[in-house]
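Number of protein chains: 2
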Amino acid sequence: MSVPGNRLDPWINAYAQRARGMTASEIRALFAVASRPEVVSLAGGMPYVSALNLDALADTVADLLRTEGAQALQYGSGQGDVTLRDQIGQVMAPVGIQAHPDDIVVTTGSQMALDLVTRVFCDPGDVVFVEAPSYVGALGVFRSYECTVIHVPMDEQGLNPVALAEAISSARALGLQPKMIYTIPSFHNPAGITQGPDRRHEILEVAQRNNLLLLEDDPYGLLGFDDVGFGDAPPRAIRADDADGVVYLGSFSKTIASGLRVGWAVAPHGVREKLVLAAEAAVLCPSNYAQMTISSYLATQPWREQIKVFTETYRQRRDALLGALQQHMPTGTTWTAPAGGFYSWLTLPAGLDATAMLPRAITALVAYVPGTGFFVDGQGRQYMRLSYCYPEPDRIIEGVRRLAGVIDEELQLTRTFGTSHTLHQANGPSTPTPDLQ
Amino acid sequence: MSVPGNRLDPWINAYAQRARGMTASEIRALFAVASRPEVVSLAGGMPYVSALNLDALADTVADLLRTEGAQALQYGSGQGDVTLRDQIGQVMAPVGIQAHPDDIVVTTGSQMALDLVTRVFCDPGDVVFVEAPSYVGALGVFRSYECTVIHVPMDEQGLNPVALAEAISSARALGLQPKMIYTIPSFHNPAGITQGPDRRHEILEVAQRNNLLLLEDDPYGLLGFDDVGFGDAPPRAIRADDADGVVYLGSFSKTIASGLRVGWAVAPHGVREKLVLAAEAAVLCPSNYAQMTISSYLATQPWREQIKVFTETYRQRRDALLGALQQHMPTGTTWTAPAGGFYSWLTLPAGLDATAMLPRAITALVAYVPGTGFFVDGQGRQYMRLSYCYPEPDRIIEGVRRLAGVIDEELQLTRTFGTSHTLHQANGPSTPTPDLQ
Numbered sequence: 063m064s065v066p067g068n069r070l071d072p073w074i075n076a077y078a079q080r081a082r083g084m085t086a087s088e089i090r091a092l093f094a095v096a097s098r099p100e101v102v103s104l105a106g107g108m109p110y111v112s113a114l115n116l117d118a119l120a121d122t123v124a125d126l127l128r129t130e131g132a133q134a135l136q137y138g139s140g141q142g143d144v145t146l147r148d149q150i151g152q153v154m155a156p157v158g159i160q161a162h163p164d165d166i167v168v169t170t171g172s173q174m175a176l177d178l179v180t181r182v183f184c185d186p187g188d189v190v191f192v193e194a195p196s197y198v199g200a201l202g203v204f205r206s207y208e209c210t211v212i213h214v215p216m217d218e219q220g221l222n223p224v225a226l227a228e229a230i231s232s233a234r235a236l237g238l239q240p241k242m243i244y245t246i247p248s249f250h251n252p253a254g255i256t257q258g259p260d261r262r263h264e265i266l267e268v269a270q271r272n273n274l275l276l277l278e279d280d281p282y283g284l285l286g287f288d289d290v291g292f293g294d295a296p297p298r299a300i301r302a303d304d305a306d307g308v309v310y311l312g313s314f315s316k317t318i319a320s321g322l323r324v325g326w327a328v329a330p331h332g333v334r335e336k337l338v339l340a341a342e343a344a345v346l347c348p349s350n351y352a353q354m355t356i357s358s359y360l361a362t363q364p365w366r367e368q369i370k371v372f373t374e375t376y377r378q379r380r381d382a383l384l385g386a387l388q389q390h391m392p393t394g395t396t397w398t399a400p401a402g403g404f405y406s407w408l409t410l411p412a413g414l415d416a417t418a419m420l421p422r423a424i425t426a427l428v429a430y431v432p433g434t435g436f437f438v439d440g441q442g443r444q445y446m447r448l449s450y451c452y453p454e455p456d457r458i459i460e461g462v463r464r465l466a467g468v469i470d471e472e473l474q475l476t477r478t479f480g481t482s483h484t485l486h487q488a489n490g491p492s493t494p495t496p497d498l499q
Numbered sequence: 063m064s065v066p067g068n069r070l071d072p073w074i075n076a077y078a079q080r081a082r083g084m085t086a087s088e089i090r091a092l093f094a095v096a097s098r099p100e101v102v103s104l105a106g107g108m109p110y111v112s113a114l115n116l117d118a119l120a121d122t123v124a125d126l127l128r129t130e131g132a133q134a135l136q137y138g139s140g141q142g143d144v145t146l147r148d149q150i151g152q153v154m155a156p157v158g159i160q161a162h163p164d165d166i167v168v169t170t171g172s173q174m175a176l177d178l179v180t181r182v183f184c185d186p187g188d189v190v191f192v193e194a195p196s197y198v199g200a201l202g203v204f205r206s207y208e209c210t211v212i213h214v215p216m217d218e219q220g221l222n223p224v225a226l227a228e229a230i231s232s233a234r235a236l237g238l239q240p241k242m243i244y245t246i247p248s249f250h251n252p253a254g255i256t257q258g259p260d261r262r263h264e265i266l267e268v269a270q271r272n273n274l275l276l277l278e279d280d281p282y283g284l285l286g287f288d289d290v291g292f293g294d295a296p297p298r299a300i301r302a303d304d305a306d307g308v309v310y311l312g313s314f315s316k317t318i319a320s321g322l323r324v325g326w327a328v329a330p331h332g333v334r335e336k337l338v339l340a341a342e343a344a345v346l347c348p349s350n351y352a353q354m355t356i357s358s359y360l361a362t363q364p365w366r367e368q369i370k371v372f373t374e375t376y377r378q379r380r381d382a383l384l385g386a387l388q389q390h391m392p393t394g395t396t397w398t399a400p401a402g403g404f405y406s407w408l409t410l411p412a413g414l415d416a417t418a419m420l421p422r423a424i425t426a427l428v429a430y431v432p433g434t435g436f437f438v439d440g441q442g443r444q445y446m447r448l449s450y451c452y453p454e455p456d457r458i459i460e461g462v463r464r465l466a467g468v469i470d471e472e473l474q475l476t477r478t479f480g481t482s483h484t485l486h487q488a489n490g491p492s493t494p495t496p497d498l499q
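Chains A and B supply the protein sequences, listed in that same order. All the letters of the first sequence, read from the start, carry residue numbers 63 to 499 under the numbering used here. All the letters of the second sequence, read from the start, carry residue numbers 63 to 499 under the numbering used here.
One or more hints might be untrue.
Identical copies go unnamed one by one, so any copy, or any two together, can satisfy a pair.
With a straight-line cut-off of 25 Å between C-alpha atoms, the simulated SDA-like cross-links for lysine to any residue are [unchecked claim]:
{"no.": "1", "residue 1": "Lys370", "residue 2": "Arg80"}
{"no.": "2", "residue 1": "Lys370", "residue 2": "Gln152"}
{"no.": "3", "residue 1": "Lys370", "residue 2": "Asp289"}
{"no.": "4", "residue 1": "Lys370", "residue 2": "Asp306"}
{"no.": "5", "residue 1": "Lys370", "residue 2": "Leu70"}
{"no.": "6", "residue 1": "Lys370", "residue 2": "Glu264"}
{"no.": "7", "residue 1": "Lys370", "residue 2": "Pro72"}
{"no.": "8", "residue 1": "Lys370", "residue 2": "Ser232"}
{"no.": "9", "residue 1": "Lys370", "residue 2": "Glu130"}
{"no.": "10", "residue 1": "Lys370", "residue 2": "Arg334"}
{"no.": "11", "residue 1": "Lys370", "residue 2": "Pro330"}
These are computed hints drawn from the structure, not numbers from a lab. In this text the structure is predicted, and so the values were computed from the model without any measurement.
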């Protein structure tokens, strides 16, 4: 079937339809570049796990293996370890969720929960409404299940409920099959925006009125720096107000460690049963080893204080980023001021193209993610995502200084030769969305 | 959308077509029962991880976290840790596979590799040829992607290549789209049969002649007790003789520990690229923590000797099972004599029904998996899978004694009232396959 010496893929005609949509994301190519130490990476969303007490964790895990190793190393329940599910219930209390361990499905990172929910709900062509922009990993899942993804504009309070209702009506008028609404209400990736309490109610109401599942993705909910309208508490989850209509996704990737790959879904009873069966087909069961590591950590270590350490670290870095942007960015550049989480979303001066500019930025030893990665349709060239979670503050400041230099040069070029978009039109149309002004 | 107090699933009409095939397997219900200590479980396929040196593993992991914790707890590559991929190459050397780390994709157990290969290759309706019987977890994956699964008879050398070729022709004649052949050549789950060298070549030839991908699942390859035609070495993998036509699946679940959930796929170049993209959509990346735990274990612990300890343990248990079956089973009962792995496949005397008999077996404090779980079409009632991997030898002997008592009673009932199948016809037709006589 393969021709010797021929590097063409002999299986090219055998792949499933869905595999044709599987293409490498821009984040992917960037990871290789951004890992070079001389590059200031404002690209990746890697949590600052070095802030953990590694000695204490080492002791915890060694003790776990010595005393419960036979269980930690064995297959477990497809739904996840019941002790950990009980603890997850406690972890969610601050966002207002009251969930029984039975309502929770533990997954290999919340990415897998996204995959399972989509697998259970979406036939090819079914419509998922997402923010403009949206999380690149969710878009990859929706694409891999051949969903029709419709971006809905955001404003300074996040997903716009009026636009959402209109998008649903339009989709139905076109004969499409709306299935669910995917939203990241708190400290949005990549937009850095948080929905206030009223906004959350409005969005929930649109979902309920339209009988659409609301998929609430909340990896950053406990990582708030500032009051965003919820008093001293973290933002209240939408799920806290509708146990039947919302599937809530949580994760330990940002509050403990991403390398453990432990996330979860909270789902209505019938949906939860389907998710467990889908999870068993996908991976049999989540890792007992990773789950019991987290369970022991939660039981023996000061995890609430650890989250405060993380949050204070990220707040300082956010301040470094915003201060440097204010100081260095040329007129016409705007950005969001996140009240928590990892990201700010930057809008370039009119005519500039973040995708086209990226090679020059990397030459100048700074990396970011171009806005196009967060849309399914090629829009987003005027935007970029800046992550402040991983580099030290002085590196962030240096990175912004370099980035501002690149933007300044682009502006010069544009004034001399026309828009950079005109110079780099190879990758399709650039239709910047007006939703984040 | 939900009626208060109504326990019906409000989302019942919203699920994807594929979710309708997601139903609980018989193994699932059994796990709960089989975990009661008074029941001898010959049902589950849990490796005997207590044979590991837990103190040594605890020291290894503690050292890993202290010295490389920041990496072990961080996101990693979607394809998997490159050091581990290099080590996996060495682990596969005994089965004759020469693979570059680039050819390997690390997955969350080899179950996830099964899921990814199916996701990449199979549109709804595409045909997957599997052994009769086949691994229940693979059948669950194929079902979840709405594949058409066609069972092909086995004989004492495993998958029958003549029957395979005929099944492919018949499927094509019906206008179906054959996509791949799924086989477990070594120490088959559940059949306990191993393909000899000639048989492997014949099967590969059928795959090549028909331009079909061969999916070779080999979790037990290093767990052989007896020479099965390959000299002193473990059975040579089919992949060793065709790097372009075979996707090979391996796992550390049976050679180190299942609770780590680390498996892998070896795939041709183009397929491997698709698998990595599919993996990123599914889970972003496998756990660095689990991968580096295995990597450290392989680098610092005597893993080859540990596999010998496992193998000797399983050989003793296999002998206990076969001896007890010989001693206690009534005339007309037959079983396979596995040369490695975890399972024997038992055929009941004519007229008996393993599915119908299960509640009485559990009442008699012994559990097994009825044959129907290993077929997609309701056949298999005359069979059961017996696992000898987990219970101690004296418990295995006691379990077989109990099971023989139940079968004896069933035979009495059958002689008095007709076949037990007649008594328990609720679950659909029973059409025992003639392929394992």
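If any of the earlier hints don't hold here, list their numbers in rising order.
Violated hints: 1, 4, 5, 6, 7, 8, 10 and 11; rest satisfied.
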